[in-house]
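There are 2 protein chains.
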Amino acid sequence: MARIKRLERIVALTKELNDHPFQLFPFSYFCEKFTVAKSTLSEDVQTVRNGLSTYDLGIIETVAGASGGVRFIPYHSPEADNEFLWTLAKKLNDPSRLLPGGMIYMNDLLFDPQISFRLGEIIMQRTLELQPDYIMTVEAKGISLALATARAFNIPMVMARKEARITEGPAVSISYVSGSSKKIQTMSLPRKALPPKSKVLVVDDFMRAGGTARGMQELAEEVGAEVVGTYLFIASREPEKKIINEYASLMTLQGVDAETKAISIVPEML
Amino acid sequence: MARIKRLERIVALTKELNDHPFQLFPFSYFCEKFTVAKSTLSEDVQTVRNGLSTYDLGIIETVAGASGGVRFIPYHSPEADNEFLWTLAKKLNDPSRLLPGGMIYMNDLLFDPQISFRLGEIIMQRTLELQPDYIMTVEAKGISLALATARAFNIPMVMARKEARITEGPAVSISYVSGSSKKIQTMSLPRKALPPKSKVLVVDDFMRAGGTARGMQELAEEVGAEVVGTYLFIASREPEKKIINEYASLMTLQGVDAETKAISIVPEML
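Sequences listed follow chains F and G, in order. Numbered according to UniProt numbering, the first sequence terminates at residue 270, and the numbering increases by one at each position without gaps. Numbered according to UniProt numbering, the second sequence terminates at residue 270, and the numbering increases by one at each position without gaps.
Just so you know, the hints here were simulated from the structure itself, not pulled from any lab data. Hints should not be assumed to be uniformly reliable.
[Unchecked claim] DMTMM-like mimics (lysine to aspartate or glutamate), calculated; alpha carbons at most 20 Å apart, straight line:
{"hint": "1", "chain 1": "F", "residue 1": "Lys-5", "chain 2": "G", "residue 2": "Glu-79"}
{"hint": "2", "chain 1": "F", "residue 1": "Lys-192", "chain 2": "F", "residue 2": "Glu-238"}
{"hint": "3", "chain 1": "G", "residue 1": "Lys-199", "chain 2": "G", "residue 2": "Asp-133"}
{"hint": "4", "chain 1": "G", "residue 1": "Lys-182", "chain 2": "G", "residue 2": "Glu-163"}
{"hint": "5", "chain 1": "F", "residue 1": "Lys-33", "chain 2": "G", "residue 2": "Asp-133"}
{"hint": "6", "chain 1": "G", "residue 1": "Lys-5", "chain 2": "F", "residue 2": "Glu-222"}
{"hint": "7", "chain 1": "G", "residue 1": "Lys-182", "chain 2": "F", "residue 2": "Glu-163"}
{"hint": "8", "chain 1": "F", "residue 1": "Lys-182", "chain 2": "F", "residue 2": "Glu-129"}
{"hint": "9", "chain 1": "G", "residue 1": "Lys-242", "chain 2": "G", "residue 2": "Glu-259"}
{"hint": "10", "chain 1": "G", "residue 1": "Lys-192", "chain 2": "F", "residue 2": "Asp-108"}
[As the list claims (entries may be wrong)] Estimated spans, in silico, between C-beta atoms of each pair:
{"hint": "11", "chain 1": "F", "residue 1": "His-20", "chain 2": "G", "residue 2": "Gln-254", "range": "46 to 52 Å"}
{"hint": "12", "chain 1": "F", "residue 1": "Glu-32", "chain 2": "G", "residue 2": "Ser-67", "range": "32 to 38 Å"}
{"hint": "13", "chain 1": "G", "residue 1": "Lys-33", "chain 2": "F", "residue 2": "Gln-125", "range": "35 to 41 Å"}
{"hint": "14", "chain 1": "F", "residue 1": "Glu-246", "chain 2": "G", "residue 2": "Arg-165", "range": "23 to 29 Å"}
{"hint": "15", "chain 1": "F", "residue 1": "Ala-64", "chain 2": "G", "residue 2": "Asp-94", "range": "44 to 50 Å"}
Treat the numbers as computed from the prediction; the structure is a model and nothing was measured. Ideal Cβ placement from N, Cα and C applies to all residues, glycine included.
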């Protein structure tokens, strides 16, 4: 009976930790839930840690002390991430994805939960040291990736709009020049969305010249927040000179050949 | 040693099943991964099932036969769901959320991954029998809920746009009358997004008269797909006569009092 109870606890512990990445659970939370002593729980936590690490499924961190506890951090080996990105790049390079103007159709991939959630975990892993408080994106195609990244960090996402909406209350707005269309556009953010001094990681699906990314930076600064990083799903190699200086991407679009319909997207590997 | 290995397997099995809701894993997949016999794996699966069910964390289904396997289905008890929705409704009824025009600020809740993912699981649970192939939404505020629902079902999401974009290729578009603004608007969907005859569950954040929801229905029908249901986060009680007949929501906005700033949102409980 005790044996069976232990197995059931391990299952429940694994699921709860996995469902709340980065959330620090006090040991007392699980001790009460499972009605076990702290020493027993420590053994269980060690078991979950070993199981995840043996199969490259993530990290269990324990924090000692009165305000301590246990938490799960999503993690995959660089080899596993690289393989995932290569497989995805192959799909992106399918000539049938090429649209007029050198654009590439990729909604089906970005809106596939299994793909976007894995990508979100990779972005989290690669930006961990930035310790963002918020993930910021702009409507609409980047939202799935931004939400997946927010989920991996277990922090909120905020979304800038292309125009202010009455449903979102007082807003700040800025004008920016979209790199691809060269048109002056407006972007806005509800005043309530981002507290002053918060650290913001910008996540978006695609960047060419960086006008939109720059716009999001200005918008964040306008409310007193700080952009600590900008991460794209795909960044175009052209133009070489971008409007923003600091950014990184999961993939680089090296170019497209309209005649042969060849697309060349390569992953940024670790 | 064998004991430790079993515990580690249980941890890995729990995590893999949990991360891929509804995905049917052939028994052979895990037998090879863990190098165990099918009888051993069956015991492990039974352990995961018991652990999840004891702590109200979900369901493990096994399908017998050559094309059979094992899969995880997110599930919470109606009591737990009701409690979650009541807590959320209390937050929504905070008078500081009231905006001009009787609108309610709720981005912070919808874009909190822990909240949206739980809501997505509740929608999935309440629409399970519709067996949708796709979750459909329209930009932009409903995307987090739609993606969370897609994640819970492990099916793709598709997103209609308020205007056609060159980055998404050939599109179909329809005109619709937005219930709140009474203006004629356009909504479009990439032709590639939705295969003919696919079964679509529409998910959105808010519905007043139902104009937008009706637009999404027409858009889906335009490409030969079928809308099997429409699910909202919040539906307004007013106007009583909606443009669409069939819908359900997690919450009902019973009304707002601009003078006292009282908001009355109540959950739809099971």
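Run the structure past the numbered hints and jot down the numbers of the failing ones, going up. The structure breaks hints 1, 2, 5, 6, 8, 9, 11, 12, 13, 15; every other hint is satisfied.
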